[in-house]
Amino acid sequence: MHLKSFLLVVSLSLASVSLLARDSKYTRHGTGPKYWIAYEWCFENNLPIPEDRWKRNIDWMADTFRDYGYDMICNDGWIEAAQSINENGYITKYNSNWRHGFEYWNKYIEDKGMKVGVYYNPLWITSAAYYSKCKVSGTNGITAADIAGRWRFNDLLFWVDVNKEGAEQWIKGYVRYFKSLGVSYLRIDFLENYERNYGTDAYEKALKWIAEEAGDDLFLSLVMPNCYHHGRTELKYGDMIRVDDDCFKGGWDFASSRRRGQHKSSWPQYGNAFDGMVAFSDVAAKGQMILDGDFMRLNTMATREERQFLYSLMVMGGSALAIADQYDTIGDAVEIYQNREMIELNNLGFVGRPLSQDLSSANSSRWVGQLPDGDYVVGLFNREEDTITSGIDFFKELGIKEGAVENVRDLWQHQDLGEMCGKYTTSLAPHSCKILRIRPKGIIRYQAEFASPKGGVTINMANE
Amino acid sequence: MKGLMVILVGCSAAFFCSCKKSCGMSYVTEILTDGQFSGAGYTQGFGSPEGELTFAVSSRSASTVKLTIRGRGRAEAQIVANGHHATVAFDDSDRWQEVTAPVQLHAGENLIAIKQMNAAASPLMVDYIEINQ
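Each protein sequence line maps, in turn, to chains A and B. Number 462 in numbering that gives the first Met the number 0 belongs to position 463 of the first sequence; there are no gaps in the numbering. Number 107 in numbering that gives the first Met the number 0 belongs to position 108 of the second sequence; there are no gaps in the numbering.
All clues stand as given, with none of them false.
Using 27 Å as the maximum straight-line C-alpha spacing, the simulated DSS-like pairs for lysine-lysine come out as follows: (1) A/K440 x B/K65; (2) A/K178 x A/K163; (3) A/K178 x A/K207; (4) A/K114 x A/K54; (5) A/K263 x A/K248; (6) B/K65 x A/K400.
Interface residues of chain A toward chain B, partial, derived using beta-carbon atoms under 7 Å: (7) L354; (8) L397; (9) G398; (10) I443; (11) T457; (12) A461.
Output of the computed footprint for chain A on chain B, the stretches with three or more beta carbons under 8 Å from beta carbons of chain A: (13) 32-43; (14) 48-59; (15) 122-130.
If you're looking for bench data, these hints aren't it; they were derived computationally from the structure. Remember, predicted model here, so these are calculated numbers, not experimental data. Positions of the beta carbon are idealized from the N, C-alpha and C atoms, including for glycine.
Pulled out of the complex, with its shape left as it was, chain A reads as follows:
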């Protein structure tokens, strides 16, 4: 631990980068949506989710989680079999073998008091649209086949080449179409594939068109982005970026250990959720970018402590809270998602930061942020295989006057630990965490390092 001498810290500090970001009601709020995603069944079976299972999960979410604020349902990939199209070439169903399309299911979800998210990339052209030579809406006879690029996504989906006439109309028309269906969240996948094949300029042009058409009506979730230059392109046009590899089979591998400490220059830059959240924490703030740590399959975590750990990480980083467990797999993990004190942090737009972005530093496992009422939220995590001692110094690390605290509250124990001075110290079992809400005494001070920077303003942390 270092002293807070300015002169000392100049040489020790971490300069984080804050760039200009998309200004939307979502980024201004600061945290991601709380929702259910159809990933788990698709991944485990490598198939599109069956329609009856989709319905049962919607019903279960409405009954179990809607009143906790999980207010959205989203389909997921395995989308190639979505070949039912309208007159403009846009897909009308998640899967052509389903009985009902988006209109039916979106109404069903809305009648349950929830919103609709859609997994799709407006840069895709289905084989159905391509081979039927669908006219691109808003053009003078240009067809879907005319705007397809040289490189396909796969056998059933083509990519739009944004440099072809009619591409802008197609992409913007697709976004408009989803908005007209009542969709409030668009999950745009395989972005690295597009950028790799068509180049960054084309990728940026596509994102720009999507963002222009989305406005404040559609949350833009960017999935599998390369995030070159620390997300410089994605920041300008997206509301949320994926910061780590897919959940896959979940478990501790996904939460913390997969390729731990290793960095790649392109997607996925980080192998596990913890590394990704730490590494991109400097671009996460109100008015900047929302981080997406990917889906949670808490039923795959070995212990209750691990389940708390993963959920806490997502909350501390301001991530979307995306449940991928299902009605018949979730087991006893329901209570983790229903912790109202943790959910409140997401509702308040809370985004914390690790005390260090150096993944080899123990300080990267100590997260801090501040709420609008002046309370601090501290997350102490143990990623290791041994019990550790961790804590927080109220004066040196939180900046609280004289280190005097009115109350420390444990948000998993739901317990007030009372008045304290100086520091809080605790023992953390392997793969466990503590989330504390700390109320300072006296005049409320808001620390700059936990506020929201943009436009080149940087945060310098001492604890490197």
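Following the hints, put chain B in place on chain A, whose structure we already have.
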């Protein structure tokens, strides 16, 4: 030893005090000196026209309050709160100093933004704000 280091490096007197007076518990802590920033860090890089730092601050009622900003540099800073603007000036790039300005808050959450007004030889750094409600 820590106190000695602060004196030597922080270019200012450092003190130790007990916060017994505040909370009745015995713990020795340090007083912030004008050579130190508080807490875990501070912000800088306000030089670009888009550079901005925003605090989310809740208030129980609509009122005008005294806002204290701790910063350093030789620069003027603009404070924007709920559409109202105020200007403060920092005149010391070697030490942290506190300046104040009145700001109007409404009930609920308020956004208070700080920007540097123009290019300065010694750009702004910000340590914290305090709200005296």
